[in-house]
Amino acid sequence: MIIFFVLPLLLTVVWSVFERTMFWMEPAFTLFSYENFFFSSRLENFLSSMFHSSISVVCAFFIGFPIAIFIRRRVRKVAQHRVMLLFILPFMVSEIIRIFALRPILSRNGVVNSFLMDMNLIESPFSIFVFTPTGVIIGEIVSFLPFMIFSTFLALEAIPNYIFEVCADLGVNRRRMFKDMFLPLAAPGLFAGSVFIFVNGIGIALIPTILGGPGSVNAGLIATQAIIALDFPLAMAVSAIMMFTLMGLLYLGHRLFNLTKLLEPIS
Amino acid sequence: MKKNNAIELKNLIKTYGDVYALNDVDLNISDGEYFVLLGPSGGGKTTLLRSIGGFIRPDSGSIVIKGKNVNNLPPDKRPTSMVFQGFALFPHMDVVQNIGYGLKLQSIEKNIIDEKVNKMMDLVGLTGLHNRKPHELSGGQQQRVQLARALILENDVLLLDEPLSALDAQLRKDMCIELKRLQKTVGISFVHVTHNQEEAMSVADRIAIIADGKMIEEGTPQEIYNKPKKQFTAEFLGEKNILIGKVHNLNKSKIILDINNDKIEIANNNYNVSKNQGVSVSIKSESIQIKKNVKPKTNEKNSIFGKVTEITFLGQFVRYLVLLSNDQEIQVRSSEEVANVKLNDQVILNWKLDDFILHNE
Chain A
1 MIIFFVLPLL LTVVWSVFER TMFWMEPAFT LFSYENFFFS SRLENFLSSM FHSSISVVCA
61 FFIGFPIAIF IRRRVRKVAQ HRVMLLFILP FMVSEIIRIF ALRPILSRNG VVNSFLMDMN
121 LIESPFSIFV FTPTGVIIGE IVSFLPFMIF STFLALEAIP NYIFEVCADL GVNRRRMFKD
181 MFLPLAAPGL FAGSVFIFVN GIGIALIPTI LGGPGSVNAG LIATQAIIAL DFPLAMAVSA
241 IMMFTLMGLL YLGHRLFNLT KLLEPIS
Chain B
1 MKKNNAIELK NLIKTYGDVY ALNDVDLNIS DGEYFVLLGP SGGGKTTLLR SIGGFIRPDS
61 GSIVIKGKNV NNLPPDKRPT SMVFQGFALF PHMDVVQNIG YGLKLQSIEK NIIDEKVNKM
121 MDLVGLTGLH NRKPHELSGG QQQRVQLARA LILENDVLLL DEPLSALDAQ LRKDMCIELK
181 RLQKTVGISF VHVTHNQEEA MSVADRIAII ADGKMIEEGT PQEIYNKPKK QFTAEFLGEK
241 NILIGKVHNL NKSKIILDIN NDKIEIANNN YNVSKNQGVS VSIKSESIQI KKNVKPKTNE
301 KNSIFGKVTE ITFLGQFVRY LVLLSNDQEI QVRSSEEVAN VKLNDQVILN WKLDDFILHN
361 E
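Protein sequences, first through last, are from chains A and B.
Going by my numbering, the first sequence opens with residue 1, and the numbers climb by one from there.
Going by my numbering, the second sequence opens with residue 1, and the numbers climb by one from there.
Just so you know, these hints were derived from the structure itself, not from any lab.
Covered stretches of chain B (chain A as the covering partner; in silico rule of three or more C-beta atoms under 8 Å from a C-beta of chain A): (1) 64 to 78; (2) 88 to 101.
Pairwise CB distance ranges, derived in the manner of DEER restraints: (3) A/GLY253 / B/ASN23: 51 to 59 Å; (4) A/LEU86 / B/THR220: 56 to 64 Å; (5) B/LYS68 / A/LEU249: 53 to 61 Å.
The beta carbon of each residue, even a glycine, is placed where N, CA and C say it ideally should be.
Construct all of the structure, not just a fragment, from the sequences and the given hints.
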């Protein structure tokens with residue numbers, strides 16, 4: 001834990017205040033990298049990537065959670081885990097290829113646009129599907145949706161069956177069922193899935209590299225570009241900022257929703 | 001005055017593959033009656049209860065509750081509430097929320113709900129535990145919450161599926177007394193499923209014995225315990241002394257049975273049997289007197305000879321195992337040790353004519 005988690009984090013913070021040299025860095029204390037970050041378009045990019053990530057989380061929730069509920073409630077018990085395995089299949093293909101494959105699907109003359117045109121639903125092809133923040137969000141949803149499904153399904157699986165029988169006896173309708181039962185009982189899973197998607201949404205450089213365009217640069221890509229430019233302290237600073245932002249968000253979430261209570265085991 | 005029937009079941013059949021979970025069950029349960037479905041596990045009593053509640057659709061037959069056929073109604077549209085096996089509470093809600101949830105669904109004003117919840121909590125003995133979560137409650141308290149959650153809806157029938165099976169023995173006894181008291185207070189019909197005969201005897205106004213999907217017999221606890229009509233009932237209630245033989249001779253007042261060439265005489269309580277018919281009889285082990293056989297070969301008709309094979313001291317009584325000449329074993333319970341009866345002694349067993357009960361299958 002200390003060697004593989006705490007130490008790298010500490011080094012990230014320490015290196016971020018080092019001074020940049022031509023090809024490496026040397027010990028110093030300077031906030032130049034932070035200045036560089038906060039007084040350039042990087043801050044704006046960082047904030048908008050947080051915003052885009054949030055949209056991905058919300059979309060994954062509205063698509064993934066109902067799928068998990070469907071599997072828990074409508075699929076036979078013996079088949080449930082097999083259905084979950086289907087969502088693992090995409091991971092057998094390298095992530096680069098998976099995301100790259102979205103290009104011909106989403107591009108101006110791609111599958112989606114051709115379909116919409118053929119159906120006479122649109123007159124000219126949409127160009128916002130790729131090389132835009134929308135493209136990045138679609139990419140993130142496609143990549144990370146299984147994690148939302150996994151984590152919420154595991155939480156839903158832990159709900160004892162008697163809950164559904166009691167609800168049948170009391171006459172709980174679908175809307176109530178969702179609001180009063182599924183949402184609170186699957187909260188730990190929803191939380192885990194959301195954090196995972198949010199963090200990867202701002203941290204993984206691959207998706208904006210392939211599907212993004214101007215205005216869709218995330219923290220991961222900023223750091224990657226800094227490393228390519230051999231500006232290691234800047235890369236470290238970006239990582240440190242990302243880390244502290246997440247900690248701050250978790251703390252805020254804790255103050256608002258009391259995570260301890262949200263995540264306490266149901267027994 | 002005959003009470004109206006709260007529940008009428010006719011020709012209820014439910015099969016799972018080739019297995020009959022319910023095999024042509026007829027049953028009437030009166031208004032305000034504490035009715036217990038008693039039987040071995042897997043005998044169909046839970047299936048029967050769940051059919052009444054609407055959780056299982058029977059293949060055929062009719063279910064009428066309060067004069068209304070409910071065959072095609074879902075659980076929430078039936079005038080029944082269910083107390084489930086185990087501690088089936090909403091884990092994320094506190095006691096008040098659990099109990100009031102059913103009313104909240106009916107869009108009832110919050111202050112009315114609160115008032116009803118408080119009343120109900122006092123009734124079932126949960127006073128002061130308002131904001132506890134289920135995991136902060138004892139097993140007995142959790143079952144009380146379930147009871148309150150079901151009773152607050154003021155339905156005509158309360159269904160209880162093994163409500164006490166997860167509690168320890170002492171708590172179960174206490175809860176039996178409370179369930180009975182609660183039923184008398186609210187005055188609605190309770191239908192209670194259990195495999196525990198003590199529990200059944202202590203709460204029931206009437207009991208039905210259910211096994212292999214069939215209704216074996218029904219009656220008051222006294223009838224079922226003292227005069228079981230069927231051999232199965234006697235066996236299920238723990239009767240060890242069951243003798244199988246045939247009718248040797250009979251008249252209006254007495255029946256003489258041939259038990260492997262030993263002749264015994266029992267009182268004829270209007271049994272519907274004929275000569276040479278195969279029957280089984282049972283006798284409570286505490287109804288038999290045991291004596292040392294000092295004069296062998298005296299053959300009274302209400303006695304039988306045997307040899308003592310085991311003497312066990314069990315606290316409140318002493319148990320003797322006696323082997324009869326036909327290799328059948330009889331248990332005798334005596335409130336105190338019988339002087340001079342020792343292991344391997346030849347003994348003579350006596351009883352009153354009335355004590356033997358005949359079962360005709």
